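Peer 1: The lines below spell out each chain.
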Amino acid sequence: GAVVSQHPSWVICKSGTSVKIECRSLDFQATTMFWYRQFPKQSLMLMATSNEGSKATYEQGVEKDKFLINHASLTLSTLTVTSAHPEDSSFYICSASPTPAADTQYFGPGTRLTVL
Amino acid sequence: EDKVVQSPLSLVVHEGDTVTLNCSYEVTNFRSLLWYKQEKKAPTFLFMLTSSGIEKKSGRLSSILDKKELFSILNITATQTGDSAVYLCAVHTSGTYKYIFGTGTRLKVLA
Numbered sequence: 001g002a003v004v005s006q007h008p009s010w011v012i013c014k015s016g017t018s019v020k021i022e023c024r025s026l027d028f029q030a031t032t033m034f035w036y037r038q039f040p041k042q043s044l045m046l047m048a049t050s051n052e053g054s055k056a057t058y059e060q061g062v063e064k065d066k067f068l069i070n071h072a073s074l075t076l077s078t079l080t081v082t083s084a085h086p087e088d089s090s091f092y093i094c095s096a097s098p099t100p101a102a103d104t105q106y107f108g109p110g111t112r113l114t115v116l
Numbered sequence: 001e002d003k004v005v006q007s008p009l010s011l012v013v014h015e016g017d018t019v020t021l022n023c024s025y026e027v028t029n030f031r032s033l034l035w036y037k038q039e040k041k042a043p044t045f046l047f048m049l050t051s052s053g054i055e056k057k058s059g060r061l062s063s064i065l066d067k068k069e070l071f072s073i074l075n076i077t078a079t080q081t082g083d084s085a086v087y088l089c090a091v092h093t094s095g096t097y098k099y100i101f102g103t104g105t106r107l108k109v110l111a
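Listed in order, the protein sequences are those of chains A and B.
Position 83 (the first sequence) corresponds to 83 in this note's numbering; numbering is contiguous.
Position 87 (the second sequence) corresponds to 87 in this note's numbering; numbering is contiguous.
I should point out that these hints are in silico values taken from the structure, not numbers from a laboratory.
Please read these numbers as outputs of a predicted model, since none were measured by experiment.
Where hints are given, some of them may not hold.
Looking from chain A toward chain B, a few residues come up when the C-beta cut is under 8 Å (computed) [unchecked claim]:
hint, residue
1, P8
2, F34
3, S43
4, L44
5, T49
6, D103
7, Q105
8, F107
9, G110
From the three backbone atoms N, C-alpha and C, an ideal C-beta is built for every residue, glycine too.
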């Protein structure tokens, strides 16, 4: 149980285009979803926390207008990287929790974004 | 500012060795501490610790938390090449209910 999928698993795009990444909880309802970014040989950096039906809470230094997060249902959250640039190239990982206070987060497999 | 620090940053050992990985934290509203193993993709869960002094074990891996001194250790005995990975420590905070990850320890086990 507790499976989270992410799509696409990898994407290459041109500079200036927008990319949407989907995160789905397949067998449970996720009130809370987290979006992380990971650069090579570095740890996970929390970008934002989203609760279903509410606006996402962004971490300091993360641009809201650049990284648009939507969590419109209990099984789906999306991250859109708008006007992507090469410095946005990274590994993006989502995780999902049944409730905000749950001490468990289930990770998706991640999406590798390369911006040319 | 909340922070989680792991040491060492990297470690190279031979099969059969025992390793101890460290995680120290300074956070407001501590809720739990979690250990993860990350190979090529997303992290996989190892342990969750909430109480001091109670050891969690799973096979050759074990972990313990000290809430007074604000640290946790992850022990791996009789290491195998399959243990090579990055080990991540994260603290779950109440209030904002977010996870703060440490820097990670990159472990390489040589045959």
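Peer 1: Hints first: check each against the structure and report whether it holds.
Peer 2: Evaluation of the provided hints:
1. Proximity of A:P8 to chain B is violated relative to the hint, the smallest CB-CB distance being about 14 Å (cut-off 8 Å).
2. Because the smallest distance between the Cβ of A:F34 and any Cβ of chain B comes to about 7 Å, under 8 Å, the interface hint for this residue holds.
3. With a least beta-carbon distance of about 5 Å to chain B, the hint placing A:S43 at the interface is held under the 8 Å criterion.
4. Look at A:L44: its Cβ gets to within about 4 Å of chain B, closer than 8 Å, so that hint holds up.
5. Proximity of A:T49 to chain B holds as hinted, the smallest CB-CB distance being about 6 Å (cut-off 8 Å).
6. Because the closest C-beta pair between A:D103 and chain B is about 5 Å apart, less than 8 Å, the hint holds.
7. Taking 8 Å as the C-beta contact cut-off toward chain B, the hint placing A:Q105 at the interface holds, the least distance being around 6 Å.
8. Hint status for A:F107: holds, given a least beta-carbon distance of 4 Å to chain B, under 8 Å.
9. Given the 8 Å rule on beta carbons, the hint for A:G110 holds: about 5 Å separates it from the nearest Cβ of chain B.
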